[in-house]
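Novice: Protein chains in written order, with the working numbering: chain A, 1 to 481; chain B, 1 to 219; chain C, 1 to 302.
Keep in mind that a hint or two might mislead.
Claimed, not checked - Here are a few chain C residues that sit away from chain B, every Cβ distance over 12 Å (derived from the structure):
1) A75
2) V269
3) L277
To be verified - Residues of chain A placed beyond 12 Å of chain B at every Cβ, according to the derived structure:
4) E91
5) A148
6) S181
7) S195
8) F205
9) A279
10) R358
11) P379
12) F394
13) G403
What the hints assert, rightly or not - Some chain A residues close to chain B (C-beta under 10 Å, calculated; not the full set):
14) L10
15) V14
16) A37
17) V123
18) G155
19) G191
20) E263
21) R267
22) D427
23) A431
Read the hints as simulated data drawn from the structure, not as lab findings.
Treat the numbers as computed from the prediction; the structure is a model and nothing was measured.
All residues carry an ideal CB built from backbone N, CA and C; glycine is no exception.
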Amino acid sequence: MLALMLLVVLAPVVFGAIAFAYPSNRRRPVALLAGAAVHAAGVAALLAAPGEEVPGRWLALDAIGKVALGTTTVLFLAAAVYAQGYLARREDRDNRVFVGGLLVLLGAMTTVALSHHLGLSWVAIELTTLTTAPLIYFNHNARSLEAAWKYLLIGSLGIALALLGTFFLALSGAGPGGPRSLLVEELVAAGPLLSRPWVRAAFVFLLVGYGTKMGLAPLHSWKPDAYGEAPGLLGALLAGGVTNFAFISIARVFQVTRAAGEEAFARDALVGLGLLSIALAAVFVVGQRDFKRMLAYSSVEHMGILALGIGLGGGAAAGAFFHLVNNGLTKGVVFLSAANIHRSFGSKRIDEVRGAGRRLPVSGPLFLAGFLAITGSPPFSPFFSEFAILNGAFGAGRWVVGGLFLALLAVIFVGMGATVLAVVQGDPEGAPQVPGTGDSWLTAGPPLALIVVVLLLGLFLPQGLRDLFTSAGALVGGGRW
Amino acid sequence: MTAVAQLLDLAFILVVVIDFFLLSSSRMGAAIRVVALQGGLLGVLPLMLAPPGEPLGHYLVLAVGALAIKGVLIPWLMFRAIREASMRREVEPIVGFVPSMVLGGIGVALAFAFSSRLPLPEPSAAHPFLVPTALSTVWTGLLLVVSRKKAVNQVLGFLVLENGVFVFGLLLSDFMPIMVEAGVLLDLFAAVFVMGIVMFHINREFSSLDTEKLSALKD
Amino acid sequence: MLRTVLHLAALLALPPLLLGVVNRTKARFAGRAGPPLLQPYFDLARLLRKGAVYSRTTTWVFRAGPVVGLAAVVAAGLLLGMGGAPAAISFTGDFVLFAYLLGLGRFFTALAALDTGSAFEGMGAAREVTFASLAEPALFLCLIVLARATGTGTLAGMLGPGLVAAWGQTAPALLLAAMGVFVVALAENARIPVDDPNTHLELTMIHEVMVLDHGGPDLALIEYGAAVKLFLFAAIASRILLAPAGEGALAAEAAFFGGLFLFALGVGVVESSMARLRMIRVPQLLVGASVLSAFALVLLLR
């Protein structure tokens, strides 16, 4: 078990090192595919292995980790296949840093999923920030520089505050009889012994710190820029991967906070920030003329939905973890298809892009389908997870929260719809065109595969997965759904 | 009060006075030097806080590490950066010097007034100025990052913020030394920032590092 | 009693010497031999021998300015306990009177400047009171810090023997207060980096502008009054910093006179090593002094 865990953490890093050392720009992306494949195989073996609980260990795989890790490995595999096609078309750029960085990022994300030591999680999340910044700068122009700088500066502030919060949490357990540890299980077990003022302060700082990484409003300001300027493949991994890991770190801190008896306060904070994020996304999605920035606000929205889910508790908590999977995979669909459209038209503004459905017979409709899925239309799976969260809200008698959530979802649906339809419909005649950028198996296949998964998850959810989400929800105090 | 305790008092107060100085300083060179001084002070603090009679090893590592990285290496990199980027050495505030000083003063006053209410696990072990100094410095750092235009000044603000986190970490140094040392990783960011400033300048993608000019992306 | 009389004699006799020390220090830094230490006395004597010319547009206010200015600072000196000895006059809350006697002197100097009807002097008066209004909170905060640290409400008590005990407990707060007093002293006495006593560049002048129309004995009174004011601040600052030097009468006296000398030296060093601040930066410095003193107060109150 431990050997497998070390494998999935270290294999990507090793492949990253190989990619970094490999001289050929043309063949280097193969390392990405190999790393992703080994990682996926390792994760599959881990998920299949019988669970064993070894207390006191820094690396362990609980239900939350399984959900996040499974999603990420599928998404990363799709992104790695896509990268073969994408990087072949970008031979003008040196991809050494890009390929190496993506693999290290995968290793860091895996570490967050497995780590039950909050200090180790912090280090790994810092590593995700450091590795993604140069990737955002992949296009080497002033705009991507600006985006990378903002991402790094805002992210580093969040990371510093999160470290302070981690210190607070360590201090809360330093009293007489306290656990003097940062292992989640030990802190949860010693819950009532923790010093409550420090736990409360720790939760605030960690929520702000990791919330910045997650992109919850009002800490989201790096997101539109980073997602807008980064290659679509990185946008998919940020929106469907990195942000999820910040979320599961918050979920683990929430576990501790709950055990220490500060549950009500933490729930209010999560519900408040969640609703604020959804509301802010609704405001900025309407009338958005840049479809990649629109996707960034959609990511803000879905991070808000995740926070709302665990904040509400009950059935909504399990729904949040289901939504984590759905959001991760659907973000892959929309970002990758949007990237194809972006490349074909050489623009991401709806003033210049039209008729994508005709010019790109796969990516155009995929973008439309991805939009329907991400805004929660049946029969795609996000509908069911959002429904579970909504159900949790009404079930708990939170009529105002539920009503607001529903209304904001409707606004976002309409707002995004206007932009997406403007991109997909119409006649591409006269719109700018970059030669040699049509759909190919490598660039259109991965998002197609992902949307099929999303569709299947919506049509049929295996009992095993349903139980997994329930037990992940139970870790943060959720019930049946 | 022993002589060490008095010196410790003074060292903490000096850290806070440096915060004030940074909020009011209009010259970049002076600001970098003072941040270096603060880093140097952080190098001295662990040694003075070390409980007498215990092995000094871990405290020595922290002290030397802080002194070398925060006091020498990063300030040196920053000086190099502003020299290579040959930028104007004047701080340009978004929030004026006087308002930022007053805001800083309010934050420091609150930190000192209320930190005694936060229960420390072993009140005797920790110095009474430690927590408020840490919180004041974190607050100052945040203020500096959000209220200064130039990239170099924002990095300085980040360094101050990080110094505050480091001071707080000293509370944990007797039972969780590894976390305190992990905090040094934050310095990695600072180094990356500084390298970034140099690199961006060499690329000459844009002519100045005034982050207000980084405003092509907005809604 | 004897010590108080001695101090009053020093208050009247020594201020020009203090100025002499400052000037000599600056000269040495600039590599010059500098004027004799007693030069300020010679200057005062020369001015007193001259006659005065009064413009027809001025009124009695113009003539009262220098007299009230000097009387106010000397009266303030009566309230000050120097070197830890009792003051000539002392009552609870007298530090407020002290601050406002200084204010009264400044008020009349500014009024006399306005009385000339010259726009230039009016500008100087405006600048002077603007900066003084920022220095005043800092001075008050410093005095409150002292009151709190020593637990007394009289100026003599704040600077008296209680200060020695206070150093044992609240050294950082007192150090910050001393820094605040030093900055206020530089501002109140129109020294660099706030104002340059030697400048005659109209754009940058503050204090000197106001007294351009005074001549002869009037100017002598003003210069002497300014020196007394410097002496007052020197006495406060040196007492705060050197209180722990000794409690015996002889040690305290030595610390007091030595402290005056060191203060003058310090002012000279600051003036030689710093550039004058741009006018818009001056409020920053003064607010900084207030913030530092407020911080000292927070340290005491927590």
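Novice: Would you list, in rising numerical order, the hints stated earlier that this structure does not obey?
Specialist: Hints 3, 5, 6, 7, 8, 14, 15, 16, 19, 20, 21, 22, 23 are the ones this structure does not satisfy, whereas the remaining hints hold.
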